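> Sequence:
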Amino acid sequence: MNRNLIQSSNGTPWAAWQQGAHLARATWMNVQQLLPAGRRLVLIAPHPGDEILMAGGLLANLRGREDDLVLISATDGEGSHPGCAHWTEHRLRRQRPLESRQALQALDLDLMRLDWRRLNLKDGGLPREEAFLVNHLTQVLRPDDVLMATWRDDGHCDHEAVGRAAAQAAQARKAQLVEVPVWAWHWAQPDDPRLPWARAHRLQLDEASVARKRKALAAHVSQLQTDGPRPAVLPVNLQECLLQPFELVLL
Numbered sequence: 001m002n003r004n005l006i007q008s009s010n011g012t013p014w015a016a017w018q019q020g021a022h023l024a025r026a027t028w029m030n031v032q033q034l035l036p037a038g039r040r041l042v043l044i045a046p047h048p049g050d051e052i053l054m055a056g057g058l059l060a061n062l063r064g065r066e067d068d069l070v071l072i073s074a075t076d077g078e079g080s081h082p083g084c085a086h087w088t089e090h091r092l093r094r095q096r097p098l099e100s101r102q103a104l105q106a107l108d109l110d111l112m113r114l115d116w117r118r119l120n121l122k123d124g125g126l127p128r129e130e131a132f133l134v135n136h137l138t139q140v141l142r143p144d145d146v147l148m149a150t151w152r153d154d155g156h157c158d159h160e161a162v163g164r165a166a167a168q169a170a171q172a173r174k175a176q177l178v179e180v181p182v183w184a185w186h187w188a189q190p191d192d193p194r195l196p197w198a199r200a201h202r203l204q205l206d207e208a209s210v211a212r213k214r215k216a217l218a219a220h221v222s223q224l225q226t227d228g229p230r231p232a233v234l235p236v237n238l239q240e241c242l243l244q245p246f247e248l249v250l251l
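The opening position of the sequence shown corresponds to residue 1 in the working numbering, with each subsequent residue numbered one higher.
Simulated from the structure, these hints should not be mistaken for lab results.
Each pair of labels, with its calculated beta carbon distance range: (1) Arg39 with Cys84: 37 to 47 angstroms; (2) Asp115 with Gly228: 34 to 44 angstroms; (3) Ala15 with Pro143: 39 to 49 angstroms.
Please read these numbers as outputs of a predicted model, since none were measured by experiment. Even glycine gets a Cβ: it sits at the ideal position worked out from N, Cα and C.
Full structure from sequences and hints, please.
Rendered as structure tokens:
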């Protein structure tokens, strides 16, 4: 985590975000506007579970449109519990992709039709793999695709590397780039000038989509369980922010 933004914050609760003028002004849009029928979504997630945090509600709306979805998992998420005797890197390397599979099934997606690519890159090492990511995305992308990635200033080194690589590949292939803040909900403040509010839109989700997203997130047991004195990887405040009836996207 390159700038220590995540560790230096106790988290910003949803109640505080509700008071933010910038978020209130973010334009509403629906899934059809972001991803019209026949248009393909290429989503790259730095770690297992990020695809749910980023876009679980959107993905829930793609049931029956699996042919329009390419999901790229950059790492296996083995670095989420450094020094933990229970969740060792070896165990996490197997456990976290399994959790992702269960989560996608909870969204009612047909995994047999899904183009799901696992790159098996090192968790925490994506800044060193940016050139590889740019090359891989450039090969996958078609003009007119929607490329969704974590925001390039999200505060986690892997999230930021994915965002930078996606921006470069989208420009090269003339695809539409959509960036999604994840950890920014934790470390930023409601009117934080570091967020590009002029690009912010709220992707509207119905109750059924939010419920499926919640169920999918619950599959990521390794990220939600406390381990003795160690808190859960995903703070409760962050979960609440990401389980609202919208997903914040930067266009």
